[in-house]
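Engineer: What the sequence shown shows, in numbering that gives the first Met the number 0, is residues 0 to 158, in sequence order.
Accuracy of the hints is not assured; some may be wrong.
Quick list of simulated restraints, FRET-style, between CB atoms [said to hold, decoys possible]:
(1) A140 <-> R95: 22 to 28 Å
(2) R91 <-> G12: 27 to 33 Å
(3) G136 <-> D23: 26 to 32 Å
(4) P68 <-> M42: 27 to 33 Å
(5) R79 <-> G21: 38 to 44 Å
(6) Q2 <-> P151: 22 to 28 Å
Quick caveat, the hints were computed from the structure, so don't treat them as lab data. Glycine is no exception: its CB is placed at the ideal position from the N, C-alpha and C atoms.
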Amino acid sequence: MEQIIAAVRGFDGALVVVPEPGGDFPELAWGDAFFYCTPDGHMPQNAQPYGTIVIKNYPDDTVSDLDPPGRWRVNIHVDRPTFRELTGEEPRSLSRPRDYAAADRVMPHPVYGALGWISVVNPGERTTDTVVRLLRGAHDASRARFERRHEPGRPLETD
Numbered sequence: 000m001e002q003i004i005a006a007v008r009g010f011d012g013a014l015v016v017v018p019e020p021g022g023d024f025p026e027l028a029w030g031d032a033f034f035y036c037t038p039d040g041h042m043p044q045n046a047q048p049y050g051t052i053v054i055k056n057y058p059d060d061t062v063s064d065l066d067p068p069g070r071w072r073v074n075i076h077v078d079r080p081t082f083r084e085l086t087g088e089e090p091r092s093l094s095r096p097r098d099y100a101a102a103d104r105v106m107p108h109p110v111y112g113a114l115g116w117i118s119v120v121n122p123g124e125r126t127t128d129t130v131v132r133l134l135r136g137a138h139d140a141s142r143a144r145f146e147r148r149h150e151p152g153r154p155l156e157t158d
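Using the sequences and the hints given, assemble the complete structure.
Structural biologist: Pasting the structure below:
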């Protein structure tokens, strides 16, 4: 886990947030990691992370069995072609049964797969390089969105 966090911290403009007890984040998020691209160095107020690491089950997300010690899962938002390449399925058409608790395997996220998220429980020898490559791609896509939103002369967005 630390190897992946260190790799993301090395990306230009990366912000890695790991909430701890006593901070501004809810207790449920303590110990997890959230990855953002913020070239201006500020915590994004209206952007989702492009990747996360979770170290425990969440109330609506238990099939990866993350509560036992030493289990964790990396989650990464990818584009549709990458999702298809990795899973053999379209994000919104997932139908194959999967063992979401299996370690060191790239698969759709058990809850957010339909939205283009993939996940890997305990990345190891088989998947760590892929995970870092996918995080780099997600970071670069996040940077491109940031740059589009902050183009000089771009009109302010209104609701």
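Engineer: Can the suggested window of 26 to 32 Å be confirmed for the beta-carbon pair G136 and D23?
Structural biologist: holds, 29 Å
Engineer: How does the Cβ-Cβ distance of A140 and R95 compare with 22 to 28 Å: does it lie in that range?
Structural biologist: holds, 26 Å
Engineer: Okay, R91 versus G12 on CB: inside 27 to 33 Å?
Structural biologist: Because 30 Å falls inside the window, the suggested range holds.
Engineer: For the range 22 to 28 Å, tell me whether the beta carbons of Q2 and P151 fit it or not.
Structural biologist: This hint is violated: roughly 38 Å between Cβ atoms.
Engineer: Taking the beta carbons of P68 and M42, is their distance inside 27 to 33 Å?
Structural biologist: holds, 30 Å
Engineer: Quick one: are R79 and G21 within 38 to 44 Å, going by C-beta?
Structural biologist: The hinted range 38 to 44 Å holds for R79 and G21, with Cβ atoms some 40 Å apart.
Of the hints listed earlier, the one the structure fails to meet is number 6.
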